[in-house]
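Asker: Using the sequences plus the hints, can you model the full thing?
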Amino acid sequence: MNDIAIRASALTKQYRIGARRQYAQRLSDLFSRARGARGRTAGDKFRALDDVSFEIAHGEIVGIIGGNGAGKSTLLKILSRVVRPSSGSAELHGRLASLLEVGTGFHPELTGRENIFMSGVILGMTRTEIARRFDEIVAFAGIERFLDTPIKWYSSGMQTRLGFAVAAHLEAEILLIDEVLAVGDAEFQKRCLGKMREVAVAGRTVLFVSHSMGSVQTLCNRAIWLENGRVRADGSDVRHITLEYMSRGADYGVAEWISDSKSSNKEALVVPRAMRLFDRRGHVVKRPVPNEGELTLELQVEVREADPALSIGYGLYTEDGQALWYSYQTDEAPDRWPRLERGVVRLYSTLPARLLNEGRYRLEYICCLHKRMWLAEPGANVASICFEIQGGLSESPFWMQARGGVLAPVISWRRDR
Amino acid sequence: MLTELDQVRGDADESLGGKSQAVPAQGAGSVAPEPARAPHVSPAHRVARIVAASPWYETGLTELVRAYELLFVFTWRQIGVQYKQAFLGIGWAVLSPLLSTLVFTFVFGNLAAIPSEGLPYPVFVLSGLITWQFFARAIASGSNSILANAHIITKVYFPRMILPLSAVLAGLVDYAVNVVVLLLLMLFYGRTASLELLWLPVFLALATMIGFAFSLWLSALNALYRDIGFVIPIVLQAWMFLTPVIYPAGLVPAGWTWLLHFNPMTPLVQGARWAVLPDATPPDLFGLAMLAGEFVLLFLSGIVTFHKIDAILADRI
Numbered sequence: 005m006n007d008i009a010i011r012a013s014a015l016t017k018q019y020r021i022g023a024r025r026q027y028a029q030r031l032s033d034l035f036s037r038a039r040g041a042r043g044r045t046a047g048d049k050f051r052a053l054d055d056v057s058f059e060i061a062h063g064e065i066v067g068i069i070g071g072n073g074a075g076k077s078t079l080l081k082i083l084s085r086v087v088r089p090s091s092g093s094a095e096l097h098g099r100l101a102s103l104l105e106v107g108t109g110f111h112p113e114l115t116g117r118e119n120i121f122m123s124g125v126i127l128g129m130t131r132t133e134i135a136r137r138f139d140e141i142v143a144f145a146g147i148e149r150f151l152d153t154p155i156k157w158y159s160s161g162m163q164t165r166l167g168f169a170v171a172a173h174l175e176a177e178i179l180l181i182d183e184v185l186a187v188g189d190a191e192f193q194k195r196c197l198g199k200m201r202e203v204a205v206a207g208r209t210v211l212f213v214s215h216s217m218g219s220v221q222t223l224c225n226r227a228i229w230l231e232n233g234r235v236r237a238d239g240s241d242v243r244h245i246t247l248e249y250m251s252r253g254a255d256y257g258v259a260e261w262i263s264d265s266k267s268s269n270k271e272a273l274v275v276p277r278a279m280r281l282f283d284r285r286g287h288v289v290k291r292p293v294p295n296e297g298e299l300t301l302e303l304q305v306e307v308r309e310a311d312p313a314l315s316i317g318y319g320l321y322t323e324d325g326q327a328l329w330y331s332y333q334t335d336e337a338p339d340r341w342p343r344l345e346r347g348v349v350r351l352y353s354t355l356p357a358r359l360l361n362e363g364r365y366r367l368e369y370i371c372c373l374h375k376r377m378w379l380a381e382p383g384a385n386v387a388s389i390c391f392e393i394q395g396g397l398s399e400s401p402f403w404m405q406a407r408g409g410v411l412a413p414v415i416s417w418r419r420d421r
Numbered sequence: 105m106l107t108e109l110d111q112v113r114g115d116a117d118e119s120l121g122g123k124s125q126a127v128p129a130q131g132a133g134s135v136a137p138e139p140a141r142a143p144h145v146s147p148a149h150r151v152a153r154i155v156a157a158s159p160w161y162e163t164g165l166t167e168l169v170r171a172y173e174l175l176f177v178f179t180w181r182q183i184g185v186q187y188k189q190a191f192l193g194i195g196w197a198v199l200s201p202l203l204s205t206l207v208f209t210f211v212f213g214n215l216a217a218i219p220s221e222g223l224p225y226p227v228f229v230l231s232g233l234i235t236w237q238f239f240a241r242a243i244a245s246g247s248n249s250i251l252a253n254a255h256i257i258t259k260v261y262f263p264r265m266i267l268p269l270s271a272v273l274a275g276l277v278d279y280a281v282n283v284v285v286l287l288l289l290m291l292f293y294g295r296t297a298s299l300e301l302l303w304l305p306v307f308l309a310l311a312t313m314i315g316f317a318f319s320l321w322l323s324a325l326n327a328l329y330r331d332i333g334f335v336i337p338i339v340l341q342a343w344m345f346l347t348p349v350i351y352p353a354g355l356v357p358a359g360w361t362w363l364l365h366f367n368p369m370t371p372l373v374q375g376a377r378w379a380v381l382p383d384a385t386p387p388d389l390f391g392l393a394m395l396a397g398e399f400v401l402l403f404l405s406g407i408v409t410f411h412k413i414d415a416i417l418a419d420r421i
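Order-wise, the sequence lines are chains A and B.
In terms of our numbering, the first sequence is residues 5 to 421.
In terms of our numbering, the second sequence is residues 105 to 421.
Hints are computed from structural coordinates only; laboratory data are not their basis.
It cannot be assumed that every hint is accurate.
Unchecked claim - Cut-off 30 Å, straight-line C-alpha distance, at most; resulting in silico cross-link-like pairs (DSBU-like, lysine-lysine):
hint: 1; chain 1: A; residue 1: K49; chain 2: B; residue 2: K412
hint: 2; chain 1: A; residue 1: K156; chain 2: B; residue 2: K188
hint: 3; chain 1: A; residue 1: K156; chain 2: A; residue 2: K199
hint: 4; chain 1: A; residue 1: K194; chain 2: A; residue 2: K156
Answerer: Okay, structure coming up:
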């Protein structure tokens, strides 16, 4: 087929890992290699990329997703010819530009004008091409007034903008992009996204490595999911693959914790037995849930000794470990408290719909005797479960994508009259 | 080799869902619309092949020739950056050989009373010094060129040979300034250049080539073994005293002249001096033949070595 842009066949990249070798060993290595012996003994091998094959046609916008160390960056580095594969091969049909960072080739002592040419040529443009698009680049970066200032006096935001502006105006048929959108302020990111769409419309081929599933969903028409250096999934159903990717593993997504009762402390007043998070239909949450439905938390505890001061609840944390709130069964007026007598008790509490933003959260079981002592204090992590909110932020057509902010409540507006 | 792993692991552990983007959906509309360009598929349909290792004869020399624009940009950057943020700027290209001449004239011309082939000692020493310094700088910055640009090497592909080559070429501007200084100094001593001056570019070209050949070896090795960087200044210092820069070749006892013949810089320093000052000893043909042989050997082996190391450079740097 003639419209293939990239063909990768069994690409493999292997690294040797292990401690730096001792002085004497390094010397003896040197001599044994000089004698032609291929005898390097120690060192584990690590396959950053393992037998990866795919074909990408011209005009496809492909999102490469995967966890840290899955091989995304290695793949881009091989395709951009920065490093060579250990085995396997790839073919690139057409001119390629790789953006593994913003501002490649910038030199702080040179002016903005000089750096545009510098970086542009290093990234593969000719000087005539740069001259032709120079004004566009300057306008896109918004640095007209500082063109003849050395960029070391620029703010880091300005440097980033200039770097992206050069990159965005590359005239290449194949673009390799690594997470460049993760930089800059919101306003600039918006323009970057717009530019990426333009690129897509212009029929160029883009390989886009990202951790942001939102960007991949909006920009890409194909997704390749790498895991441990191998292709785990590859297809044009981007939404499905990204959701699948996000709900991987037992860690996140399955919001269920059940105690193995043997290990529980015999002295404890209260022993947590299970913690589950249910969606509206009463199923345990097993994958990212949209924000439009309430979630119900079930806390199953064994109360061994009833106490009027007993408070049982949870702490809710963001992925970064920031506490959003703590909640106890004793938060309302005393006549509304659920009574806790000896035995196994199930407590239910509701997480409101349309309050949390997209992201991953952790619910941690906490318990105390009010004003006396912690039975399970926040951070002790006696028991916790994780879940993830994805999509369903609002019915508004203007609010399809996640915004900044920890919370994303839908709040109504009205006007006078 | 661990930098690569760090890179992979060091990928920001960004939260999913792009929370940091407050992007209203109508956002894209606010970008000035640009006419959609036709897909840019070049008719020639360039195909690049990426494989584990390319054979030794694919050295990338043709690529180097094609990337002349990149070579220009790198050379220009090297020159431009050199004197920025220095108050005197390019003035240092004038001052630094003059100051060295002053010191050498005092120590070797006056105190040690070294002969100078009937020329005023300052003129004699400066005429040798500029060629030597061009070569020494070529070696110093050439051997450092890969390391100094490691951040670019790990991000984008281009023919890496451009780096040592541009480092060597960047010295030509200084050399041109130095020659003007030399001619002025000669004028001060009542001497002018003659038609032999036309030979100067030839010797300069030879010095550039041999400097590049050395840099090919040294830059690649220096990237793998930083030891090279420690050794070079020491070697250069010794080397200068083994080259007839501050003394005439005739001063060397007959039993030691083979050392001068073996030294590729001997005919070049002598040649450049002779081109400016025809009264000085011209380079002998045997020395020039040795130079040619040494260059071919160094250059070919340098290209193969560089090419071999190039393949693993970004992993190991």
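Asker: Please write out, lowest number first, the hints stated earlier that are contradicted by the structure.
Answerer: none
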